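Visitor: Letter by letter, the chains look like this.
2 protein chains.
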Amino acid sequence: MATAESVQAELTQQTEIFNKLRLDNAEPAVLEDTRKRLAELKKSLAALKNASGGKDGGKKKERLLLKTPKGTRDYGPGEMFCREHIERIVKECFVLYGGAQLDTPVFERKDILAGKYGEDAKLIFDLEDQGGEQLALRYDHTVPLARYLAMGGATNTQSKLWQVGKVYRRDNPVMSKGRMREFTQADFDIAGQWDTMIPDAEVISLLCTVLTRLEVGDFTVKINHRKVLDGLFEVCGVPAENIRPISSAVDKLDKLPWAEVRKEMTDEKGLDPTVADKIGEYVKRKGGRSLLEQLLADPVLTANASAKQGLQEMAILFSFLESYKIVDKVSFDLSLARGLDYYTGLIYEAVTEASAPPGFNSADATAAPTSAPPPPPPSKKKSKQPASADEEEEIDESQVGVGSIAAGGRYDNLVAMFTSAAAGETKKNQALPCIGVSIGMDRIFAILWPKWVDRGMRSKEIVAYVLSAGDGLLKERMELVQELREAGIATDFLAKNKPKFNAQFAAGERDEVPFAIIVGGDELKAGLVTVKEQRWEFVDGKKAKVASADKGVQIKRTELAEWIKATTAFTTWKSGKLIQ
Amino acid sequence: MATAESVQAELTQQTEIFNKLRLDNAEPAVLEDTRKRLAELKKSLAALKNASGGKDGGKKKERLLLKTPKGTRDYGPGEMFCREHIERIVKECFVLYGGAQLDTPVFERKDILAGKYGEDAKLIFDLEDQGGEQLALRYDHTVPLARYLAMGGATNTQSKLWQVGKVYRRDNPVMSKGRMREFTQADFDIAGQWDTMIPDAEVISLLCTVLTRLEVGDFTVKINHRKVLDGLFEVCGVPAENIRPISSAVDKLDKLPWAEVRKEMTDEKGLDPTVADKIGEYVKRKGGRSLLEQLLADPVLTANASAKQGLQEMAILFSFLESYKIVDKVSFDLSLARGLDYYTGLIYEAVTEASAPPGFNSADATAAPTSAPPPPPPSKKKSKQPASADEEEEIDESQVGVGSIAAGGRYDNLVAMFTSAAAGETKKNQALPCIGVSIGMDRIFAILWPKWVDRGMRSKEIVAYVLSAGDGLLKERMELVQELREAGIATDFLAKNKPKFNAQFAAGERDEVPFAIIVGGDELKAGLVTVKEQRWEFVDGKKAKVASADKGVQIKRTELAEWIKATTAFTTWKSGKLIQ
Chain A
1 MATAESVQAE
11 LTQQTEIFNK
21 LRLDNAEPAV
31 LEDTRKRLAE
41 LKKSLAALKN
51 ASGGKDGGKK
61 KERLLLKTPK
71 GTRDYGPGEM
81 FCREHIERIV
91 KECFVLYGGA
101 QLDTPVFERK
111 DILAGKYGED
121 AKLIFDLEDQ
131 GGEQLALRYD
141 HTVPLARYLA
151 MGGATNTQSK
161 LWQVGKVYRR
171 DNPVMSKGRM
181 REFTQADFDI
191 AGQWDTMIPD
201 AEVISLLCTV
211 LTRLEVGDFT
221 VKINHRKVLD
231 GLFEVCGVPA
241 ENIRPISSAV
251 DKLDKLPWAE
261 VRKEMTDEKG
271 LDPTVADKIG
281 EYVKRKGGRS
291 LLEQLLADPV
301 LTANASAKQG
311 LQEMAILFSF
321 LESYKIVDKV
331 SFDLSLARGL
341 DYYTGLIYEA
351 VTEASAPPGF
361 NSADATAAPT
371 SAPPPPPPSK
381 KKSKQPASAD
391 EEEEIDESQV
401 GVGSIAAGGR
411 YDNLVAMFTS
421 AAAGETKKNQ
431 ALPCIGVSIG
441 MDRIFAILWP
451 KWVDRGMRSK
461 EIVAYVLSAG
471 DGLLKERMEL
481 VQELREAGIA
491 TDFLAKNKPK
501 FNAQFAAGER
511 DEVPFAIIVG
521 GDELKAGLVT
531 VKEQRWEFVD
541 GKKAKVASAD
551 KGVQIKRTEL
561 AEWIKATTAF
571 TTWKSGKLIQ
Chain Y
1 MATAESVQAE
11 LTQQTEIFNK
21 LRLDNAEPAV
31 LEDTRKRLAE
41 LKKSLAALKN
51 ASGGKDGGKK
61 KERLLLKTPK
71 GTRDYGPGEM
81 FCREHIERIV
91 KECFVLYGGA
101 QLDTPVFERK
111 DILAGKYGED
121 AKLIFDLEDQ
131 GGEQLALRYD
141 HTVPLARYLA
151 MGGATNTQSK
161 LWQVGKVYRR
171 DNPVMSKGRM
181 REFTQADFDI
191 AGQWDTMIPD
201 AEVISLLCTV
211 LTRLEVGDFT
221 VKINHRKVLD
231 GLFEVCGVPA
241 ENIRPISSAV
251 DKLDKLPWAE
261 VRKEMTDEKG
271 LDPTVADKIG
281 EYVKRKGGRS
291 LLEQLLADPV
301 LTANASAKQG
311 LQEMAILFSF
321 LESYKIVDKV
331 SFDLSLARGL
341 DYYTGLIYEA
351 VTEASAPPGF
361 NSADATAAPT
371 SAPPPPPPSK
381 KKSKQPASAD
391 EEEEIDESQV
401 GVGSIAAGGR
411 YDNLVAMFTS
421 AAAGETKKNQ
431 ALPCIGVSIG
441 MDRIFAILWP
451 KWVDRGMRSK
461 EIVAYVLSAG
471 DGLLKERMEL
481 VQELREAGIA
491 TDFLAKNKPK
501 FNAQFAAGER
511 DEVPFAIIVG
521 GDELKAGLVT
531 VKEQRWEFVD
541 GKKAKVASAD
551 KGVQIKRTEL
561 AEWIKATTAF
571 TTWKSGKLIQ
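Each protein sequence line maps, in turn, to chains A and Y. Following full-length UniProt numbering, the numbering of the first sequence begins with 1 at its first residue and continues without gaps. Following full-length UniProt numbering, the numbering of the second sequence begins with 1 at its first residue and continues without gaps.
Check the hints yourself; a few may be wrong.
For identical chains, the list gives no copy identity; a pair is met inside one copy or between any two copies.
Pairs of lysine-lysine, DSSO-like flavour, derived with a Cα cap of 30 Å [what the hints assert, rightly or not]: (1) Lys543 to Lys70; (2) Lys325 to Lys496; (3) Lys67 to Lys110; (4) Lys263 to Lys496; (5) Lys110 to Lys70; (6) Lys532 to Lys325; (7) Lys475 to Lys543; (8) Lys496 to Lys329; (9) Lys110 to Lys122; (10) Lys70 to Lys122; (11) Lys110 to Lys525; (12) Lys263 to Lys122; (13) Lys308 to Lys496; (14) Lys252 to Lys70; (15) Lys532 to Lys308; (16) Lys325 to Lys565; (17) Lys325 to Lys556; (18) Lys500 to Lys545; (19) Lys525 to Lys284; (20) Lys325 to Lys500; (21) Lys451 to Lys91.
If you are wondering where the hints come from, they were derived from the structure by calculation, not from laboratory data. Given the structure is predicted, the values throughout are model-derived calculations rather than measurements.
Starting from the given sequences, assemble the full structure and let the hints guide the process.
Guide: As structure tokens, this is what we get:
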């Protein structure tokens with residue numbers, strides 16, 4: 001009979017197998033089977049432990065597990081201050097580029113999401129059928145946008161729409177790298193019939209502007225074109241029905257060496273080895289305009305209509321990127337394929353050095369191909385004992401990168417899929433071409449937050465703190481606080497009847513409030529208050545208040561608000577950027 | 001055998017019964033049974049129609065229903081511009097009052113939400129169990145906040161936390177009044193041990209500041225105290241176990257005449273009629289400080305310890321409200337009870353004339369009790385034929401008010417519920433007292449949006465539109481657009497190679513862009529561009545461009561950005577408030 005110990009041993013072994021398979025990018029079906037077996041083992045173990053009343057049984061079972069759901073987390077005040085800063089910059093850029101905001105529900109009717117995500121559909125969160133509609137949480141913003149456009153929305157704008165909000169995927173989370181089950185995406189899309197590659201250049205330019213203003217560090221926007229890729233596979237001799245699977249193998253070239261990708265093509269997907277080698281000659285190539293010119297000069301490739309059209313469009317795009325002065329940010333990368341089925345033209349993905357896994361060489365992203373192999377597969381972390389079916393599966397977070405921080409592409413047929421499905425006709429309705437980009441806000445947060453902490457950024461915006469030097473003076477404090485707030489100055493005070501002076505000071509200091517406003521009985525009668533300006537500095541990685549013998553200045557109470565608003569501290573006060 | 005016609009007839013009848021029960025605030029169990037029967041009938045009807053291949057069968061079944069889920073909607077550009085304006089004001093006020101932001105996941109583990117909402121728990125949206133945790137969408141922000149505090153969050157702030165986000169209730173929606181299944185709440189809460197009624201006064205003051213700045217019109221904050229209410233029921237002779245049900249009957253006094261509430265107490269809830277009449281003498285009373293003084297002078301009431309404590313706290317609160325200068329906004333209303341179980345002290349609810357149902361008399365909210373009965377129950381709208389199980393149930397939207405636009409109260413035991421449940425102990429952990437307010441953003445939007453439309457507010461923020469007078473000049477337009485954007489000026493252009501001049505002008509006008517920037521070949525060579533300022537005015541309820549013979553001014557291209565930024569149009573540009 002199975003004991004807790006024997007099940008535990010099998011579980012440890014099975015966990016290792018599962019992690020190895022995942023690292024090796026095993027076939028989804030194999031992975032799914034292993035995952036199921038793992039879940040069964042965990043259940044058995046939990047049942048055995050409960051039945052035996054072991055140390056984790058009995059009592060613990062009655063206790064409430066105080067946590068957020070797997071793959072989700074709370075963001076507290078300091079983190080939200082940083083996240084708001086990120087969101088503000090992204091929204092400002094969306095407005096700069098002429099975007100108008102859209103908001104769609106967090107859940108959609110299940111049939112709206114069906115058939116849009118390929119094999120990733122299994123990652124969709126479904127709602128329980130409680131009588132009524134079959135609903136599911138949105139997986140991205142693109143499909144809801146296409147549904148909105150198909151319903152005839154947004155005809156009175158320049159067809160630039162943006163949306164910032166949470167989306168949901170039942171994937172394996174890597175929390176520290178911003179890979180979550182609940183995560184925020186900021187999308188900007190341009191819909192409509194416009195001239196070739198102009199909206200495409202606008203979106204790439206927007207992406208570069210956003211990433212530059214966010215100060216994520218050096219970044220590269222990898223670009224490719226589905227028509228070039230399809231044509232390339234055709235001329236190499238890939239059978240039509242095998243193009244999508246081969247494309248998805250190629251997409252792994254940023255994580256696996258060529259030899260392994262080639263093996264997947266030939267052994268798993270049955271591709272002729274000579275065909276695979278021809279593909280290899282192309283997809284290892286990346287670079288700027290020079291690569292485009294090499295490909296345009298390739299008679300084999302340009303003999304293919306699809307490849308030719310794609311390359312001509314890429315040439316137009318490059319000329320626009322010059323006008324936008326962002327050619328140096330872009331890398332034409334033939335190995336970029338993107339998973340989603342709905343892309344039809346230009347595709348792109350932004351990566352930064354900071355977003356790469358350990359061992360990643362940033363030069364690889366733009367340089368000519370190198371024969372040096374990628375780093376060896378990461379070693380596993382020392383195995384912990386999984387305790388319940390809910391426990392996180394093991395991923396060695398130190399070996400995982402943040403990954404791409406933004407991605408997108410052209411999807412010319414998605415809206416028409418909706419309009420024809422709704423019309424119940426088999427022939428396609430007139431297409432509404434679209435192109436868009438999704439910015440991964442949690443991945444950007446994962447990159448920026450450590451810097452934010454290192455720089456000792458503030459986490460609150462209170463400008464003035466009102467203290468009493470005398471005997472409580474609660475009423476007087478309340479009145480002054482209220483006056484300052486009415487004047488637009490964020491103000492607080494200690495919610496005590498008769499607080500000690502030092503307790504009030506300490507409370508104000510904890511939030512690094514620049515102005516301590518001290519009210520005293522006699523002074524108040526004379527219509528005066530004392531203002532003490534406080535500064536903080538960042539020394540040896542620690543925040544410290546600048547020592548000062550300054551006793552503060554006396555200000556007329558009636559002039560206090562205007563006085564504060566005229567200070568440098570107040571006027572330079574923006575997004576917590578004032579740190580000393 | 002049932003035919004589509006016979007089932008349809010029964011369905012029509014059942015719908016009428018259901019609507020009547022709901023209008024009469026029938027017992028939840030009765031309502032639930034009727035609802036179930038209704039759902040069954042709808043299913044039968046749909047099945048019969050499909051089987052018979054009737055006019056709605058066959059073909060229609062294959063079509064995709066292109067809509068958002070019941071009780072949810074999209075918000076397009078114009079609406080989002082207004083909603084962002086509302087959200088910005090609310091967030092600014094939260095910051096003014098010293099709040100720090102929190103963000104929690106949209107879903108929680110089911111056991112976190114369990115046992116917190118009383119009979120409303122049936123309105124919770126559950127997620128499907130897809131292997132792993134049992135999850136549900138959050139019902140409000142209060143319970144997730146309490147879970148966060150119980151986990152030890154936010155110890156480094158002044159314990160003022162705010163959160164703006166969507167919450168979910170499977171209720172019957174009244175979309176036009178902002179009663180949705182997915183809706184946005186903005187919460188502000190103060191946690192911690194502070195002196196009596198100071199945080200309470202802060203929250204009421206914040207609420208008044210928010211509603212004043214939002215310009216929702218005249219509003220009243222109805223306040224009451226759970227301890228006063230409990231004491232009052234005790235002295236009237238309500239048995240302890242019946243206090244909560246009687247309290248929930250009293251809470252209906254804003255919708256039903258006293259006679260009906262009394263009937264619910266005596267007939268349904270078995271209360272002694274003389275006890276009911278004693279309650280009636282109290283709960284019909286509302287007013288300001290004078291009511292408080294009357295109650296404090298009532299020897300019967302003040303003999304009860306709970307009532308006495310509550311009244312003393314209310315007296316302290318009123319003195320603080322004077323310091324905050326908001327006594328005139330507040331009405332002490334003994335009929336306010338609030339549904340949720342977790343309140344332990346002060347409770348409140350904000351109403352406006354605009355939020356009331358038709359026939360509501362605003363004087364009632366603050367005036368002395370009147371014996372005039374409320375308006376008769378609304379008549380039903382002419383019955384439509386429900387066509388499928390998904391169809392909206394019938395509510396006559398013209399007879400429904402927006403309801404309270406904000407509400408909240410003190411909940412001193414909720415955090416301790418979590419900490420003790422997690423510790424597995426039966427005795428309570430030390431309490432973390434809390435008080436907070438939830439602002440109903442969709443209800444406020446429902447009030448403000450029609451005014452926004454009436455005033456012809458803009459819906460986009462583009463400041464400059466670049467046009468070519470010459471032969472396309474695409475490269476030149478792109479470069480100028482990019483320069484202006486880099487200078488922080490939201491700019492757009494028509495994404496065509498060689499657009500007609502008038503098409504470009506029309507596109508800019510559609511977004512009411514104040515500056516048309518015209519580039520021409522010869523001018524550009526001389527380093528010049530032409531700027532034409534455009535204005536719109538609102539005449540007879542319609543937006544019209546102000547006619548002008550002005551040909552525009554020539555500006556040096558290198559000085560263009562600074563020139564625009566110095567204009568009045570640019571500097572007064574805020575939140576779409578510039579309408580002419």
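Visitor: With reference to the structure, classify each hint as holding or not holding.
Guide: Hint by hint, here is what the structure shows:
Taking the shortest alpha-carbon separations for Lys543 and Lys70, neither the intra-copy value of 34 Å nor the inter-copy value of 51 Å comes in at or below 30 Å. With identical chains, the CA atoms of Lys325 and Lys496 are at most 30 Å apart between copies only, with a shortest distance of 20 Å across copies and 58 Å within one. Taking identical chains as interchangeable, the C-alpha atoms of Lys67 and Lys110 lie at most 30 Å apart whether they share a chain (28 Å) or sit on different chains (11 Å). In this assembly of identical chains, Lys263 and Lys496 lie within 30 Å of each other by CA distance neither inside one copy nor across copies; the values are 71 Å within and 45 Å between.
For the identical chains of this complex, Lys110 and Lys70 are neighbours both inside a copy (23 Å) and across copies (13 Å), given an alpha-carbon limit of 30 Å. In this assembly of identical chains, the alpha carbons of Lys532 and Lys325 lie at most 30 Å apart only when taken from different copies (27 Å versus 48 Å within one copy). For the identical chains of this complex, Lys475 and Lys543 are neighbours neither inside a copy (34 Å) nor across copies (49 Å), given an alpha-carbon limit of 30 Å. Taking CA atoms no more than 30 Å apart as the test, Lys496 paired with Lys329 passes between copies only; the shortest distance there is 24 Å, against 56 Å inside one copy.
Taking CA atoms no more than 30 Å apart as the test, Lys110 paired with Lys122 passes in both settings, with 12 Å inside one copy and 22 Å between copies. Taking the closest pair of Cα atoms, Lys70 and Lys122 come within 30 Å of each other both inside a single copy (17 Å) and across two copies (24 Å). Proximity of Lys110 to Lys525 under the C-alpha cut-off of 30 Å is found in neither arrangement, the shortest distances being 68 Å within a copy and 57 Å between copies. In the homo-oligomer, the alpha carbons of Lys263 and Lys122 lie at most 30 Å apart inside one protomer (26 Å), although the nearest pairing across protomers, at 53 Å, exceeds that limit.
In this homomeric assembly, Lys308 and Lys496 come within 30 Å of each other (Cα to Cα) only across copies, at 22 Å, whereas the closest approach inside a single copy is 75 Å. Taking CA atoms no more than 30 Å apart as the test, Lys252 paired with Lys70 passes inside one copy only; the shortest distance there is 27 Å, against 40 Å between copies. In this assembly of identical chains, the alpha carbons of Lys532 and Lys308 never lie at most 30 Å apart, being 70 Å within a copy and 43 Å across copies at closest. For a Cα distance limit of 30 Å, the shortest separation of Lys325 from Lys565 across copies, 23 Å, qualifies, whereas the shortest one inside one copy, 40 Å, does not.
Taking the shortest Cα distances, Lys325 and Lys556 sit within 30 Å of each other only across copies (22 Å), while inside one copy they are farther apart (54 Å). Taking the shortest Cα distances, Lys500 and Lys545 sit within 30 Å of each other inside one copy (20 Å), while across copies they are farther apart (62 Å). In this homomeric assembly, Lys525 and Lys284 never come within 30 Å of each other (Cα to Cα): the closest approach is 80 Å inside a single copy and 44 Å across copies. Taking the shortest Cα distances, Lys325 and Lys500 sit within 30 Å of each other only across copies (26 Å), while inside one copy they are farther apart (60 Å).
Both within a single protomer and between protomers do Lys451 and Lys91 lie at most 30 Å apart by alpha-carbon distance, with minima of 21 Å and 26 Å respectively.
When held up to the earlier numbered hints, the structure conflicts with 1, 4, 7, 11, 15 and 19 and fits the remainder.
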